[in-house]
Amino acid sequence: MTIVGFLSALASITYTLSVYFLDITILGPLYSLRTPISVLIGLAVFRESVDLYQVLIIIGMTVAGIFVSMDERFSLRSFFRKPIAFAIMTITLSAIYNASLKYAAGINGYWTTVAWFNILNQVFLLVTIPLFWGDFLKQSVQIMSTFR
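Per this note's numbering, the very first residue in the sequence shown carries number 67; after that it's consecutive.
Just so you know, the hints here were simulated from the structure itself, not pulled from any lab data. Be aware that one or more of the hints could be misleading.
[What the hints assert, rightly or not] Estimated spans, in silico, between C-beta atoms of each pair:
hint, residue 1, residue 2, range
1, S115, P149, 27 to 37 Å
2, F202, I125, 43 to 53 Å
3, T68, I125, 12 to 22 Å
4, G200, V129, 40 to 50 Å
Note that beta-carbon positions come from the ideal geometry of N, C-alpha and C, so glycine has one too.
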């Protein structure tokens with residue numbers, strides 16, 4: 067469950083950075099790649115099976131995911147940029163996190179896994195507080211909607 071909490075925190079951090087690097091109109095449709103990645107993880111880890119029709123759908127989703135990130139000149143080079151690679155890494159981490167959550171829930175039970183991964187996720191995210199503490203102190207109380 068420690069691995070699940072760590073992967074959850076890592077997926078949250080990389081998602082936040084992906085939103086910073088890419089426009090959400092590019093990042094959102096790129097999440098169509100999550101399904102083929104999840105299927106590949108399911109094939110490798112959980113020994114799931116797919117038929118030819120499902121393989122063709124997965125290939126179509128992957129090709130469509132590449133077209134989503136192309137610019138208005140339809141340059142394939144726009145897909146092979148560092149922010150896109152970082153976003154695909156984020157999507158892959160998210161799929162790995164979900165697969166590890168499924169595996170841990172099968173061993174430990176659903177509610178035990180959910181409780182512990184939420185606790186461990188917050189513990190691992192506490193490590194990032196020093197990165198944002200200065201910005202947090204600069205904010206006025208009026209800006210924080212919780213205190214209005």
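_Please list, smallest to largest, the hint numbers that this structure does not respect._
Violated hint (a single one): 3; every other hint is consistent with the structure.
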